[in-house]
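Novice: Spelled out, the chains give:
There are 2 protein chains.
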Amino acid sequence: MAPQLDGFFSQVDSLSDHFIERLRKAVAIPSISAEEARRPDVVRMGNFLADELKALGAEVELRELGKQPHKEHLDLPPVVLARYGNDKSKRTILVYGHYDVQPADLSDGWNTKPFELTIDEKDRMLGRGSTDDKGPVLGWLNAIEAHQKAGVDFPVNLLMCFEGMEEYGSEGLEDLINAEGKKYFADADAVCISDNYWLGTEKPCLTYGLRGCNYYSIEVSGPGADLHSGVFGGTAQEPMTDLVRTMATLVDTNGKIQIPGIMEQVAPITADEETLYDEISFEMETLHEALGSKTTIFEDKKLTLMGRWRYPSLSIHGVEGGFSAPGAKTVIPAKVIGKFSIRTVPDMDIDKTNECVYKYVNEQFAKLGSKNTMKVFAQHTGKWWVASPSHWNFNAASKAVERVWNVKPDFTREGGSIPITITFEEATGKNVLLLPMGSSTDGAHSINEKLDKRNYIEGIKLLGAYLHYAAEEPTS
Amino acid sequence: MAPQLDGFFSQVDSLSDHFIERLRKAVAIPSISAEEARRPDVVRMGNFLADELKALGAEVELRELGKQPHKEHLDLPPVVLARYGNDKSKRTILVYGHYDVQPADLSDGWNTKPFELTIDEKDRMLGRGSTDDKGPVLGWLNAIEAHQKAGVDFPVNLLMCFEGMEEYGSEGLEDLINAEGKKYFADADAVCISDNYWLGTEKPCLTYGLRGCNYYSIEVSGPGADLHSGVFGGTAQEPMTDLVRTMATLVDTNGKIQIPGIMEQVAPITADEETLYDEISFEMETLHEALGSKTTIFEDKKLTLMGRWRYPSLSIHGVEGGFSAPGAKTVIPAKVIGKFSIRTVPDMDIDKTNECVYKYVNEQFAKLGSKNTMKVFAQHTGKWWVASPSHWNFNAASKAVERVWNVKPDFTREGGSIPITITFEEATGKNVLLLPMGSSTDGAHSINEKLDKRNYIEGIKLLGAYLHYAAEEPTS
Ligand SMILES: [Zn+2]
Ligand SMILES: [Zn+2]
Ligand SMILES: [Zn+2]
Ligand SMILES: [Zn+2]
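Those protein sequences? They're chains A and B, same order as listed. Taken in order, the first sequence gives residues 1 to 476; the numbers are from the working numbering. Taken in order, the second sequence gives residues 1 to 476; the numbers are from the working numbering.
Bound conformation, chain A alone (with noise of 0.2 Å):
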């Protein structure tokens, strides 16, 4: 029997300027986690959330991660935890999400002040934080409050998690959800995460998966100290020409990694894959729009979404230690970093990925004939997440997201990471569903970052109805 939403769903529509109130009180709290300056503020925000969640009857703990690794003077903000609701004969439903924000000032080119909330005509609300992630954290605080207010029982038990340093390396949390695993969250039938966005402006998604990324650097060196170009340049061999001719073997202009054994660990592609792509609402003009240019790789969409969800890529970053200031200055750097990663996706697997790499780029050294020294070392690894779309999980959100917005959802992957999926995933060993409230234009971490009023609010009714459907969607 499908559940009884219109009361709860009116509630949240009578409540929206309410909703926004409360997103306005966060987006003015600046939890800035990559600046120190600001850490008062990420604490103020989890206290801020905590207080809230108390005032609706949560139970809640703030716990302390310790200090900030290499900055041993900085405490990290704490982890919220909270719990709505312990009833035996209920699901449990766990949530995660971060109320620190990325950077923002007005001089970076905002045409608002980034922490006010600010409601342009055509019902954009503008600010820090407004769609990554505080409006989606408060989605699930207003569920709440709008089934309290509606008189409508809360359908499930609710376990949140919500942190203060995801824009900075969730440092510390890795360790407290392993901790926490069959502890705090032992009870826990599946993880919802929202905290990506569609795929385009006008079609929900559910999302499955996710790519890994291995981030390497090459680092190769020689003089004892940056040289005159005037007085070496000719007599030394110079490690940034090495450098430049290593990296320029790695991959070409059309994103083909020339790396052997990374192309050939991916899953070959299902007949069933194959007709996925035609169906998903993905435009290459809404791409061209983003990318701000018309220099995609592919013309066509579906090469262009297996070309960002099921095909690894691999992405030169930058050079470190070499001029890199505007201007001109005739240096011979002593010692250059070059820095690219890859993005994985099933099957790879990250020891086999690494030694391909490096066992490449040391014969691609090796052919220079170069007296400098070449060392190529991963810098961080992460490995990709898929999980099982069939999940009742997935089919109670599908279900909301049709409720909701009129529309079966679309099912995608993304080419990103967030580490902290598969985190939950093995350390509950349950479903772990991205469910996400905002779309493809927010720019979650560019200036003018913004929610649209409908996403948030209809956001607010498709996380309740979500809820609703996982307590009662039969487990196969």
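Certain hints may be false.
[What the hints assert, rightly or not] Some chain A residues judged to face chain B by a derived CB distance under 10 Å, without partners named:
# : residue
1 : 253
2 : 316
3 : 324
The set of hints was computed from the structure by calculation and includes no laboratory data. Quick reminder that beta carbons are idealized off the backbone N, C-alpha and C, glycines included.
With chain A fixed as given, assemble chain B with the ligands onto it according to the hints.
Specialist: Same frame as chain A, but now just chain B with the ligands:
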């Protein structure tokens, strides 16, 4: 008849403490031209020189050069123009030096306070500007004073041009030299610049050639803004990939320039030149020491010297716009600018060289088949310089070296550029000689810059002796 120099020489020895004291005073003024906040110190240093010169009886003018380009709130430091002697029966020698210095801070790794002249147990006089270029500049003043105190007639009229912006591009000086070529400098018979170094540590040299420098940028752009490699990796053509692949085609590990039309312009080696290199005092070991490694292109002296002096070289300096900080960032930069320069030699032509570079880089980029946009352009260019080492100006300096150091100097060229050299040559139409005082280990732009006491004191004798020989050397 050889000039009578004994009286002058012994006076220099007697006054050596006084001359070191003068250098101590000069080093104590942190006249760093690159740092805005130090501009008053640069001006103070110019005034110090002017006062010392006036006390010695020279006519002095402080020439203002107006505002600093791109920093219009900042006055350029004055050029100190001075004349000592105005006897129409004597030759007139124009000398150049600079009174500004490179930045220096104890925290950079100096063993002593950089602006306190410190004499160590090996009689090395450590301090910023000791060898570059305050020691040599004071050398001329000291030579005047020693003549006065020894009662020896000064052999020439001395014109002096000391600037305060050399370490920051000699802003404003070129115009002044061109304007004064036939005015203040009108009666100059030859020019002498003491602002370079011996090739090694034991044998003096005279320098008659410098390489030029053409500095290029390759700018590759595509996306409208920096991209996240998770989202766009595998779907967008990446400017950094194109830049790296283009730059990789410029030069090989052994410095061989891959651009057609460059080597073809190089003047052929004459039989005369072939024999020159063997006699020059230069050890690969000294080079390895200066380099801080054994990563030289060549194993032997002759090829190494030719690589430095008489062949062009191409160095890649770095990339602007990429991720250049330590750590890991998964950005796809939207616009990257690769910087490289070519050191030029006789008979290379600036325009022709530019054309070869533009054509080649455009061809290489076209081969990539990229939709990204590439622009290649010269940021600045500067011509190579070669003087006639058989000119009486060089003969005079050679005899002075033999007299002071008991050895015939090496006649050397250098790999670097001193653009002002060619400006003086063209503005006055006279022969320009580079007569170094310091040695190759002085570390002009490094931490722990020093001038050996021996090089300073014998250097004062050398500059004075040179003027004596210049006074009477036949014009051949
Ligand atoms: Zn987020
Ligand atoms: Zn984010
Ligand atoms: Zn200098
Ligand atoms: Zn210098």
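Novice: State the violated hints by number, sorted upward, taking the hints as numbered earlier in the document.
Specialist: Per hint list: zero violations.
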